[in-house]
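Number of protein chains: 2
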Amino acid sequence: MEQRVGNYELRDLDPIFNARSVAIVGASTNPEKLGYEILNNLINMGYEGPIYPINPKADEVLGLKAYPSLSDVGKPIDVIAVIVPGKFAPGVIEEAGRLGVKGAVVISGGFREIGNDDLEAALVSAARAGGVGIIGPNCQGINYPANKLCISWPLIKREGGLALISQSGTIAAALGDRAEKEEIGISGLVALGNRCDIDESDLIHFFGADPSTEVIAVYIEGIKNGEKFMEVGKRVAGEKPVLVLKGGRTERGRLAAESHTKSIAGRGEIFDAALRKIGFEKVESIDELYDCAKVLAMEKKRPGKRVQVITSSGGSGIVAVDVLEELGLDVAPLSEAGRARMKEVLPSHCVVGNPLDLTGDTPAERYKEAVLALAEEEPGIDLYLLIFGDPIPRAMENCLEMKEAVDKPIIACYIGGGEVEEVEFKKMNGARIPTFPTPERAARAARSVLTG
Amino acid sequence: MEQRVGNYELRDLDPIFNARSVAIVGASTNPEKLGYEILNNLINMGYEGPIYPINPKADEVLGLKAYPSLSDVGKPIDVIAVIVPGKFAPGVIEEAGRLGVKGAVVISGGFREIGNDDLEAALVSAARAGGVGIIGPNCQGINYPANKLCISWPLIKREGGLALISQSGTIAAALGDRAEKEEIGISGLVALGNRCDIDESDLIHFFGADPSTEVIAVYIEGIKNGEKFMEVGKRVAGEKPVLVLKGGRTERGRLAAESHTKSIAGRGEIFDAALRKIGFEKVESIDELYDCAKVLAMEKKRPGKRVQVITSSGGSGIVAVDVLEELGLDVAPLSEAGRARMKEVLPSHCVVGNPLDLTGDTPAERYKEAVLALAEEEPGIDLYLLIFGDPIPRAMENCLEMKEAVDKPIIACYIGGGEVEEVEFKKMNGARIPTFPTPERAARAARSVLTG
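So the protein lines, in turn, are chains W and C. Just so you know, we're using my numbering here: the first sequence kicks off at 8 and counts up by one. Just so you know, we're using my numbering here: the second sequence kicks off at 8 and counts up by one.
For the record, the hints were derived by calculation from the structure and aren't laboratory data. Possibly wrong hints are sitting among the right ones.
When chains are identical, the list treats them as one kind, so a pair holds in a single copy or across two.
Under the rule of at most 27 Å between Cα atoms (straight-line distance), these lysine-lysine pairs were calculated in the BS3-like manner [stated by the list, open to error]: (1) Lys94 with Lys241; (2) Lys82 with Lys350; (3) Lys72 with Lys247; (4) Lys94 with Lys307; (5) Lys94 with Lys40; (6) Lys241 with Lys72; (7) Lys164 with Lys433; (8) Lys350 with Lys94; (9) Lys188 with Lys241; (10) Lys415 with Lys94; (11) Lys72 with Lys231; (12) Lys164 with Lys415; (13) Lys433 with Lys188; (14) Lys164 with Lys312; (15) Lys188 with Lys434; (16) Lys40 with Lys434; (17) Lys247 with Lys164; (18) Lys155 with Lys235; (19) Lys284 with Lys247; (20) Lys289 with Lys82; (21) Lys155 with Lys241; (22) Lys284 with Lys350; (23) Lys307 with Lys82.
Just so it is clear, the structure is predicted and the values come from calculations on it, not from any experiment.
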């Protein structure tokens with residue numbers, strides 16, 4: 008089933024991501040091999056459909072009955088992972104096509120990336136002939152936690168609102184790993200590889216419609232089909248935020264990108280203009296891609312630009328104010344009524360203003376008291392940026408109570424808190440209070456939620 | 008003993024940092040109190056001189072004999088920590104002066120920061136009268152690992168080349184904590200507090216002459232004495248790199264800074280011009296302050312601007328090239344001879360160029376082979392930026408072997424490597440291969456070593 012967007016018929020990727028059965032072609036009994044690791048990850052992910060290891064030399068792999076070939080399985084197979092040497096891949100796809108397989112994640116390399124254009128053409132021919140959608144080749148696979156489908160590494164189990172689409176397997180893996188460790192989770196992860204068939208536009212379209220995806224984060228070096236990207240982009244940008252980091256902004260970066268993906272990378276300024284036209288957001292670094300995506304996975308974009316900073320660390324508050332101002336946000340002073348109320352609520356040694364400096368000895372409860380009182384006196388505040396700049400226990404619990412009482416985004420920085428910080432940092436992100444290790448990163452991430 | 012710099016007599020801080028005995032005024036038996044934590048840290052740091060807890064209500068604190076007052080100790084005391092309520096601090100300093108104490112680290116607050124200018128004036132009078140140098144008041148203390156002198160929190164034990172001077176206790180603590188966890192270590196840490204006596208210039212001067220300090224990282228909101236700062240700065244900048252992050256660059260940031268420290272923060276552009284004139288380097292964020300200081304703690308600045316990127320992750324290599332180019336470094340292509348040699352040394356699927364892409368399946372040994380061969384063919388390379396973009400074991404051992412064979416800085420990024428990365432990241436930094444979590448941060452840090 009295809010879906011029309013502008014002039015383009017987009018493949019329906021639902022049968023791939025929601026595959027009801029998976030075969031691993033090249034499943035290995037050797038723990039050093041990728042064919043072992045990927046099967047192992049799929050099992051440990053808890054995939055609920057049948058898994059068929061394909062290995063002509065083994066009866067069993069990782070406790071599952073193995074089959075000499077796809078044809079020997081004798082049951083319907085929705086998706087296959089291809090981990091055999093590249094030269095065998097077209098044959099595998101041909102066989103898969105005959106068996107009605109809907110999609111193939113081709114991990115194998117040895118195609119266009121090393122100049123074997125003919126082999127890649129043969130792969131595409133086989134795919135077209137058999138109606139098999141291909142992700143890759145030469146890619147690090149896919150992960151779709153809603154279907155417990157991890158055909159990739161590392162193993163990322165936690166489900167969240169963040170979809171990662173990346174022309175770099177390493178960058179996808181690194182960001183997915185952060186999302187797992189910080190308890191943010193992902194809605195999906197796709198390493199594009201050579202994009203011989205399914206491309207970034209197909210995937211942006213899929214995650215645009217995916218119910219668990221709140222934000223799409225893309226690392227890309229060049230667009231495969233510009234017109235298709237624009238058509239799909241405009242459609243999706245109206246629905247969900249899409250953040251884009253472009254590799255190859257500079258001249259030498261561009262040449263390296265063309266060498267990396269053997270495709271036209273595209274000039275930075277033309278790319279930027281296209282993003283603006285679509286309504287996608289450009290970011291400048293891997294950290295920024297992750298940080299903004301993390302916030303947007305938890306908080307909806309909303310109008311406004313006024314930010315109130317509340318801090319226990321004077322210096323960190325000032326650093327946050329600098330960045331917020333530089334980003335065009337409004338670090339407005341409190342009103343007379345707001346100041347008066349703060350002086351009433353807070354001990355006299357607190358410095359009332361914006362930043363509101365609770366000073367070093369503050370308990371987490373004081374942040375909550377300040378926010379609840381400000382919510383009454385200062386309805387114009389659009390976002391609270393809370394900086395926990397010491398070991399302050401119970402930050403998470405107090406933030407959650409604020410969040411329930413106040414209908415404004417709460418973004419946090421936790422810094423200088425030693426072991427208490429380590430615990431609270433994870434708890435806060437897990438409780439959907441987006442929390443960052445420096446005031447600068449928290450301020451940049453806050454920017455991405457407010458539309459001005 | 009004072010030291011003349013230009014028009015200024017600078018206090019000799021050696022007797023404070025190399026104190027042979029310490030008294031903790033306000034030592035507490037209650038683990039919740041700062042007077043307990045600081046004494047505990049000093050003991051756990053392994054301080055080798057006598058420690059005298061001062062507490063009129065206890066015979067013993069943390070296993071050490073306690074004294075009702077400084078006068079009761081009856082032995083020479085070089086330095087005291089003051090953790091009693093602020094109103095008692097001038098009396099303590101007066102007594103200390105009579106006893107020949109050389110320095111006081113006044114942790115206590117309640118002075119100028121909350122408008123109690125008179126109390127702070129009394130503190131200064133007592134200090135001047137008794138010849139006691141004061142750090143603080145209202146500060147998070149000092150740490151000087153060479154003398155195992157930690158009068159501060161958190162406990163940072165590892166000795167390294169990085170001196171931290173900060174007008175924010177939290178930022179100092181956060182950076183010190185990173186240096187401890189990443190096995191970088193510090194040569195010293197000072198939280199300035201209200202700077203009623205000893206100021207940033209005195210401390211920059213001290214660490215400028217300190218043998219274990221390789222780089223001085225400063226967070227500051229405003230300069231206490233501009234002329235003194237310029238005189239000292241010019242002297243020290245000729246000896247060691249000094250990195251400065253200024254809080255209060257923007258107008259609202261500046262107002263917040265003045266409110267934080269109750270002193271003139273200074274306009275950003277004037278400050279920047281002064282830094283340039285001195286030869287200090289301005290940085291833009293807490294991460295950049297730490298990252299550049301980390302590299303300069305391990306690597307001397309040197310002429311040159313040509314960087315060779317070697318990566319296992321194509322995308323991460325491209326991202327690094329973009330940032331290096333944007334920073335004005337030269338990501339030069341390899342010479343014909345260099346290319347030929349690489350094609351000889353490396354498997355055919357590697358992409359020879361700059362970045363040199365070893366691709367995803369590379370072992371750590373291949374980086375070493377590439378670097379050793381390039382060292383022969385490409386003497387013009389000034390710095391190697393190595394990106395380990397997968398779980399690649401033995402990265403540290405191989406980097407160390409390169410470092411021994413090649414007289415060029417080696418800076419690394421480790422990304423997307425899961426559990427292997429966690430282990431190698433720490434090992435590499437500990438082995439003095441400065442290693443960063445993203446290619447952007449590695450590239451920025453690399454910039455700080457090369458003078459162009």
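To test your reading of the hints: which numbers does this structure violate? 1, 2, 3, 4, 6, 9, 10, 11, 12, 14, 18, 20, 21, 22, 23
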